[in-house]
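Engineer: Residue numbers (our numbering), protein chains in the order written: chain E, 5 to 169; chain L, 15 to 542.
Just so you know, the hints here were simulated from the structure itself, not pulled from any lab data.
It cannot be assumed that every hint is accurate.
[Unchecked claim] Distance ranges between label pairs, derived from CB positions: (1) E:Glu159 <-> L:Asn252: 37 to 45 Å; (2) E:Asn99 <-> L:Ala528: 38 to 46 Å; (3) E:Gly142 <-> L:Leu474: 29 to 37 Å; (4) L:Leu221 <-> E:Glu124: 16 to 24 Å; (5) E:Asn99 <-> L:Gly185: 26 to 34 Å; (6) E:Gln52 <-> L:Ala129: 40 to 48 Å; (7) L:Ala528 <-> E:Gln97: 41 to 49 Å; (8) L:Val253 <-> E:Thr65: 55 to 63 Å.
Using N, Cα and C, we set each Cβ at its ideal position, and we do this for glycine too.
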Amino acid sequence: MPIGVKVLERPIEDVSYVRATLTGMGLTLRHLVNPHKVTVQYPEQREQLSPRWRGTHRMLTTDDGKSKCVACGLCPTVCPANCIKLVPGEDAQGNRYPLVFEIDEFRCIFCGYCQEVCPEEAIHVGRHYENSEYSRDGFVYDLERLMAQTHPVCEMWDPADPRGE
Amino acid sequence: MITLTIEGRQVSVPEGTSILEAGKAAGILIPHYCYHPGLPVAGVCRMCLVEVEKSPKLAPACATAAADGQVVHVHSESALEARQGVLELLLINHPLDCPVCDQSGECELQDYTYAEGRRSTRYREPKRVNPVEDFGGDVVYVPNRCILCTRCVRFMETVAEDPVLNVSDRGDHALIGKFENQDLTHPWAGNVVELCPVGALLSKDFLNKARSWDMDRAASVCPGCSQGCNIVIETRDNVVARLRPRPNADVNQYFMCDEGRLNYRWLNRRDRVAEPLVRRGDALIPVDWEIAIDAAARTLTGRRVTAIVSPGLSNEVLYLLRRVLERCGAESEGVFAVRQGPEAPLPGVPDLAVRADRAPNVQGAELMGFRRTDAPLDAVRSGDVLLLADADLSAAGAAVVSGALARAADIIVIGTTVPAWAAGAGAALPLANMAEDEGTFTNLRGRVQRYRQAKSPPALARPGWSVLADLLVALGDPIVVWTPAEAFSALAQAHPAFAGMTYEGLGATGTVVADAREPRAVTAGIGA
Ligand code: SF4
Ligand code: SF4
Ligand code: SF4
Ligand code: SF4
Ligand code: FES
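Bound-form chain E, shown alone (with noise of 0.2 Å):
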């Protein structure tokens, strides 16, 4: 059976380009005198990341140097990703501390949940992005490398307004 293919009669202002393009052409011309710049000269310049982004994990340290972490056990448990390892040991005093802790930024989908729950204020998500690697290892942090971050940490929430409203 031969398909019978209806052919649509539409005036011609309704299938003309002519106005759309204008209409396009009228948008960037806006564009091109509003002064009003979105455009960053990144890395020249930077914008001002908001004080809860969440991004690269740092742990905090104590004032003589070592990792607040205490090893509860709670970031690797709260972790939706999963990427956090910890083995959990004894340092020289009998105290509790990470000999192994490790947050794999690749998996981790920077909920921020880790920095909620740590009782110790160790491990916090940081206010940073920026990450380049040559290798997909070079994406697990360990222990030194997450003290040795400097960059500020994100605070979870406005102390002013905790509810955020």
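Dock chain L with the ligands against the given chain E, drawing on the hints supplied.
Structural biologist: Relative to chain E, chain L with the ligands alone:
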């Protein structure tokens, strides 16, 4: 029998039962600290206060006998308020140690505080601080976390009958002390770690090793001696991290000995045979299972075999081994030796002791017709095939070993390791160890008890029942065994002592064999 109502649920219990136990029977947990079913009632913590209708005051559920027609409210306003008060006082001097405390996750103070406690503290004064004390044995005491329930004191006094612990000092200075020059070195003292409802008494061995929620658990039976205490094997990432007792009123009540508790490292051995091996020239080389089983079967067929078996193998494996021997040449025989150790009873529990026979299935090996001897290697006659079934012969002298090696014409190893002196074996079939397999042991009173798999075996190692079933088929036996339950039912059909038993029917606490030599009166748990 009396009938009472707890939280709107009717329950009938024998006369003399406490309200707390009646609650358990009704499926209602009444919070408690000092009460433990294996210890005498002390009534010191007041955590179990409940409201009993028509009674002027709140009643401690652990120390109040249930009465006919009683109506008990566990979660009424006044009971909750009283318990909240108890918790608040307990927490006054309690450190905020949960992140570093080993009990975290299995702590009754945590649990009840979450369930019923105040959201925050009203106490602003400095807390009392005392130093951590080594109690000897495997136990360390953290006084700051102690809630003075006296479970540990009562255990040492009335169950271990070695009163080493006491409550020293009074008031808010009170803490658990040790009598001078005494240590928690009683062979059963480690149970205080389990009994302690908080993180005040901790195992040194387990200290800071794992979180309770990190671990997987499997119901098992202690492989340490012929008593067969029921245990739980807890593993973290496929490594056994600790053993804990599992209640069985007929065997070990709530306890296990320290030797058994700490005897788990061999389950994590790294020097295991992980692949089937057969001899090619001078070396044992890894091969497929079929090839190794065929090689073993060819060696065994028609020869006189001396099997030296381990009394730590399951009933099923020993039964299948016996069946293998029947397929081999005439006069084939199976023997085993049992490592000995000092016997140490727990006086407060009838018929509970670390037994001199330090193997879990001595009775099973005897029931399967293996001969017990102190010199198993002497059973090897010249020209024999020596079938080494996971037996540990490290105690035998070098001369005895070399003598047996000289007499044996061939060696077949079925086990978890190949000892250095057996490196001349013709074939080695790697087995899963008891934590990696499931099966049953028969304890010294003839109780057949199941243990479950707790971790996975290395590489190609397989459960003993499955390896031996294949070997039997290769030897021409028509046996069909695909599961451990089928292995057990093959045994139950063949052996009169196991007649009528089913794998499922053994349940969590086991069944006694038909011809147990000293059948034991069933003793109910204290207060149960
Ligand atoms: S931010 Fe979320 S996903 Fe990333 S490590 Fe923390 S808990 Fe895990
Ligand atoms: S939650 Fe904090 S203290 Fe606990 S393991 Fe993680 S980083 Fe360490
Ligand atoms: S005893 Fe319980 S409540 Fe106390 S620190 Fe340990 S886990 Fe926390
Ligand atoms: S150490 Fe533990 S068991 Fe002993 S009194 Fe203190 S809290 Fe109770
Ligand atoms: S459990 Fe009843 S008073 Fe302690």
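Engineer: The structure should be examined with respect to each hint, and the outcome stated for every one.
Structural biologist: Hints and how they fare:
1. E:Glu159 <-> L:Asn252: 37 to 45 Å: Once the Cβ atoms are compared, 40 Å apart, the range 37 to 45 Å for Asn252 (chain L) and Glu159 (chain E) holds.
2. E:Asn99 <-> L:Ala528: 38 to 46 Å: violated, 56 Å
3. E:Gly142 <-> L:Leu474: 29 to 37 Å: Because 35 Å falls inside the window, the suggested range holds.
4. L:Leu221 <-> E:Glu124: 16 to 24 Å: holds, 19 Å
5. E:Asn99 <-> L:Gly185: 26 to 34 Å: holds, 30 Å
6. E:Gln52 <-> L:Ala129: 40 to 48 Å: holds, 45 Å
7. L:Ala528 <-> E:Gln97: 41 to 49 Å: Check failed, 59 Å falls outside 41 to 49 Å.
8. L:Val253 <-> E:Thr65: 55 to 63 Å: 30 Å Cβ-Cβ, so the 55 to 63 Å window is violated.
Figure legend: structure checked against the earlier numbered hints; hints not met, in rising order: 2, 7 and 8.
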